[in-house]
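Undergrad: Spelled out, the chains give:
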Amino acid sequence: MFQLIAPDGTVTGAGELPDPETRLRLYHQMRRARHFDERGWVLYRQGRLGVFPPFGGMEASQVGTAAALSADDWLFPTYRDTGAALTLGLPIARTLAYWRTSPHGWSMPENLKVLPFYIPIATQYPHAVGAALAEKRKGTKNVAMAYIGDGGSSEGDFHEALNFAGALDAPCVFILQNNGWAISVPTRTQTKATNLSRRAEGYGIPGVRVDGNDVLATYHVTREAVERARRGEGPTLIETVTYRVKPHTVADDPSRYRTDADNEGWDAKDPVLRLKAHLMNEGLMTEDSEAALLKEVADEFEAALQEADAYPDPQPAEILDHVFAEPTPQLRRQREQILSEENA
Amino acid sequence: MTATAARTETRTMTMVAAINDALDIALQQDDAVHIFGEDVGVMGGVFRATDGLQARYGAERVFDTPLAEAAIVGMGIGMGLAGLKPVAEIQFAGFLYPALDQVLSHLGRYRHRTRSRYHLPMVVRAPYGGGVHTPEQHADSPEAILAHTPGIKVVIPSTPADAKGLLLSAINDPDPVFFFEAIKLYRSVKEDVPVGDYRVPLGKARIVTVGDDVTVICYGGMVEVAQKAAAAAKTAGIGVEVIDLRTLVPLDTDTILASVQKTGRVVVVTEAPRTGGFHSEISATIAEEAIEFLRAPIIRVTGFDAPYPPFTAIEDVYRPNAVRVARAIKAAMGY
Ligand SMILES: Cc1ncc(C[n+]2csc(CCOP(=O)(O)OP(=O)(O)O)c2C)c(N)n1
Numbered sequence: 031m032f033q034l035i036a037p038d039g040t041v042t043g044a045g046e047l048p049d050p051e052t053r054l055r056l057y058h059q060m061r062r063a064r065h066f067d068e069r070g071w072v073l074y075r076q077g078r079l080g081v082f083p084p085f086g087g088m089e090a091s092q093v094g095t096a097a098a099l100s101a102d103d104w105l106f107p108t109y110r111d112t113g114a115a116l117t118l119g120l121p122i123a124r125t126l127a128y129w130r131t132s133p134h135g136w137s138m139p140e141n142l143k144v145l146p147f148y149i150p151i152a153t154q155y156p157h158a159v160g161a162a163l164a165e166k167r168k169g170t171k172n173v174a175m176a177y178i179g180d181g182g183s184s185e186g187d188f189h190e191a192l193n194f195a196g197a198l199d200a201p202c203v204f205i206l207q208n209n210g211w212a213i214s215v216p217t218r219t220q221t222k223a224t225n226l227s228r229r230a231e232g233y234g235i236p237g238v239r240v241d242g243n244d245v246l247a248t249y250h251v252t253r254e255a256v257e258r259a260r261r262g263e264g265p266t267l268i269e270t271v272t273y274r275v276k277p278h279t280v281a282d283d284p285s286r287y288r289t290d291a292d293n294e295g296w297d298a299k300d301p302v303l304r305l306k307a308h309l310m311n312e313g314l315m316t317e318d319s320e321a322a323l324l325k326e327v328a329d330e331f332e333a334a335l336q337e338a339d340a341y342p343d344p345q346p347a348e349i350l351d352h353v354f355a356e357p358t359p360q361l362r363r364q365r366e367q368i369l370s371e372e373n374a
Numbered sequence: 571m572t573a574t575a576a577r578t579e580t581r582t583m584t585m586v587a588a589i590n591d592a593l594d595i596a597l598q599q600d601d602a603v604h605i606f607g608e609d610v611g612v613m614g615g616v617f618r619a620t621d622g623l624q625a626r627y628g629a630e631r632v633f634d635t636p637l638a639e640a641a642i643v644g645m646g647i648g649m650g651l652a653g654l655k656p657v658a659e660i661q662f663a664g665f666l667y668p669a670l671d672q673v674l675s676h677l678g679r680y681r682h683r684t685r686s687r688y689h690l691p692m693v694v695r696a697p698y699g700g701g702v703h704t705p706e707q708h709a710d711s712p713e714a715i716l717a718h719t720p721g722i723k724v725v726i727p728s729t730p731a732d733a734k735g736l737l738l739s740a741i742n743d744p745d746p747v748f749f750f751e752a753i754k755l756y757r758s759v760k761e762d763v764p765v766g767d768y769r770v771p772l773g774k775a776r777i778v779t780v781g782d783d784v785t786v787i788c789y790g791g792m793v794e795v796a797q798k799a800a801a802a803a804k805t806a807g808i809g810v811e812v813i814d815l816r817t818l819v820p821l822d823t824d825t826i827l828a829s830v831q832k833t834g835r836v837v838v839v840t841e842a843p844r845t846g847g848f849h850s851e852i853s854a855t856i857a858e859e860a861i862e863f864l865r866a867p868i869i870r871v872t873g874f875d876a877p878y879p880p881f882t883a884i885e886d887v888y889r890p891n892a893v894r895v896a897r898a899i900k901a902a903m904g905y
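First to last, the sequence lines map onto chains Z and H. Residue 31 is where the first sequence starts when you use the working numbering, and the numbers rise one by one after that. Residue 571 is where the second sequence starts when you use the working numbering, and the numbers rise one by one after that.
None of these hints come from the bench; they were simulated from the model. Hints may contain errors.
Claimed, not checked - Part of the chain H face toward chain Z, derived, beta carbon under 7 Å:
1) ASP634
2) PRO636
3) GLY773
4) ALA775
Because the structure is a prediction, the values reported are computed rather than measured. Just so it is clear, CB atoms sit at the ideal spot from N, CA and C, and this is done for glycine as well.
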């Protein structure tokens with residue numbers, strides 16, 4: 031399994047580390063992601079955020095992979111990939127809006143090719159292949175990246191997409207976040223395979239297994255895969271080995287299906303603290319500079335929260351918007367019905 | 571066993587407890603019954619419908635599958651061909667779609683394409699419907715797709731006792747049955763449910779309230795909505811006959827037509843999208859078979875031709891409520 035820094039932050043890998051500026055940028059992104067996750071819980075308990083799937087503990091898996099993309103690339107995130115979407119540039123306020131079940135969280139910013147979080151599992155994998163092929167046809171160097179979980183990699187769509195991408199040389203990067211669980215089902219119940227990156231072999235494409243709690247490692251291997259795809263050499267499957275330390279959603283109770291023994295050791299592998307230790311060891315960060323960064327992150331979040339709070343509530347007739355470019359006669363009548371009943 | 575015999579002893583249960591009870595009895599009665607799906611084993615299902623069953627019957631008969639709906643249904647088909655009684659769970663009806671190839675291409679056709687040499691005694695359970703503020707795609711009502719597929723029976727209970735009685739009938743039916751469970755009803759109602767092997771036959775509607783003026787036809791999550799509307803109408807002196815279909819396939823047209831002949835006015839209620847919904851099938855059947863009895867146009871109260879909205883603030887606009895049904899009743903009366 032590819033790794034660059036150990037849980038205590040010491041350099042273990044022979045590969046090259048990204049430059050100091052990049053390492054600090056990755057730390058900043060991981061802190062933004064973690065802050066969202068932590069504040070999200072509080073907001074949920076306060077009734078200010080809806081049910082959302084936490085991703086705390088998986089920041090290196092999401093930030094390191096998404097950070098390898100440029101703004102012109104595509105991102106197909108699952109519901110658990112808030113951290114990846116934030117890293118690519120999805121505004122915090124929009125992200126909050128999505129998890130607040132507000133339509134303001136649905137239309138993605140013009141300058142990004144990121145899709146709303148996918149709720150059905152695996153169904154977006156083939157979309158990434160199509161988007162990648164379209165970029166290739168247009169002669170760009172842009173790539174498409176799609177995320178999936180260990181559970182999701184059991185779905186037919188996952189396998190069909192990998193096969194298509196290989197056969198058609200699509201510039202795709204497939205991220206398989208192996209976080210150990212699909213709700214209550216551990217990976218060992220999900221599949222007999224013990225190394226999911228090797229699934230790539232069956233489709234004739236490279237598979238890489240990486241320490242998903244080491245952001246320098248996930249960033250490194252994803253950059254290589256992205257560069258490969260840009261050079262026209264085809265897709266890569268990357269398995270990030272990590273752990274879902276949190277419940278499946280903020281409303282889930284994992285004590286029904288997993289024990290403390292299952293969780294053991296994962297706190298010590300915390301991806302954020304790992305990079306922090308490394309940056310401290312290397313003299314790239316001090317407690318003071320980190321404190322300033324944390325304040326910046328917190329201030330940014332609170333400002334975004336205010337922005338999200340100011341989004342107006344949706345109007346009843348909005349449930350019929352955006353079904354077609356032009357509403358059908360039926361939709362027009364249904365809109366009239368909603369409006370008249372509102373006033374009745 | 572008949573309902574009459576079972577009426578001797580009852581226990582108060584929610585719908586989800588009644589479903590659990592039915593599954594328990596089915597596993598106990600017949601070794602061929604196997605329950606499987608995502609999270610049904612160790613966890614006992616995200617709604618706890620299969621709670622405790624793995625502990626009682628072992629992980630060979632109650633087991634977690636990998637996350638793949640097509641394989642869940644497809645594997646069930648093979649099990650059914652080979653003599654087992656598969657009872658699969660699709661975690662939410664909105665996640666049935668990856669399995670539709672297996673459902674549409676195979677599940678409904680096996681008996682027909684083997685001239686009854688093979689048949690599929692399979693049950694697929696799926697929570698469906700809205701009203702509980704779920705995320706995208708968790709609140710879909712795809713029953714019309716299944717009812718439109720030849721060879722598949724479609725059952726949608728609205729009470730705990732019916733859920734138990736219909737599920738036991740479904741598991742003991744020789745043909746494939748889709749069993750949709752309204753999420754909204756899982757824990758919101760409690761009632762006395764007969765203990766032991768209690769069956770409600772498929773294809774027999776239930777008259778919920780008797781009335782002479784308007785017939786309201788509904789099923790699943792819409793029954794309590796219709797009941798509220800009927801109660802409101804009653805205070806206004808309008809007698810509403812609420813019919814809970816219980817099963818869409820087979821459809822109890824006799825009960826529907828008898829009521830329509832009496833009232834001459836019809837309101838059909840579902841929470842599914844409007845165009846092409848099962849409500850349209852009911853309306854067309856009435857128009858064909860009883861048009862001479864109609865004193866007003868048939869009125870459909872339905873969801874809309876848009877994906878079910880996950881926007882908590884306005885979700886309830888989509889799902890029919892008692893006010894909308896009451897308005898339709900009034901319109902039918904005023905025609
Ligand atoms: C097609 C489909 N089936 C079932 C579900 C219900 N469901 C939501 S999350 C989940 C488990 C997903 O596990 P995994 O793919 O490992 O991702 P993780 O949540 O662990 O990140 C299931 C079964 C769904 N959303 N979509």
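Undergrad: Given H/PRO636 was flagged as interface, is its beta-carbon under 7 Å from a beta-carbon of chain Z?
TA: holds, 4 Å
Undergrad: Is the shortest C-beta separation between H/ALA775 and chain Z less than 7 Å?
TA: violated, 28 Å
Undergrad: Taking the least C-beta to C-beta distance, is H/ASP634 closer than 7 Å to chain Z?
TA: holds, 5 Å
Undergrad: A closest beta-carbon separation below 7 Å is what the hint needs, so does H/GLY773 meet it against chain Z?
TA: With a minimum Cβ separation of about 32 Å from chain Z (threshold 7 Å), the hint on H/GLY773 is violated.
Against the hints set out earlier in the document, violations occur for numbers 3, 4.
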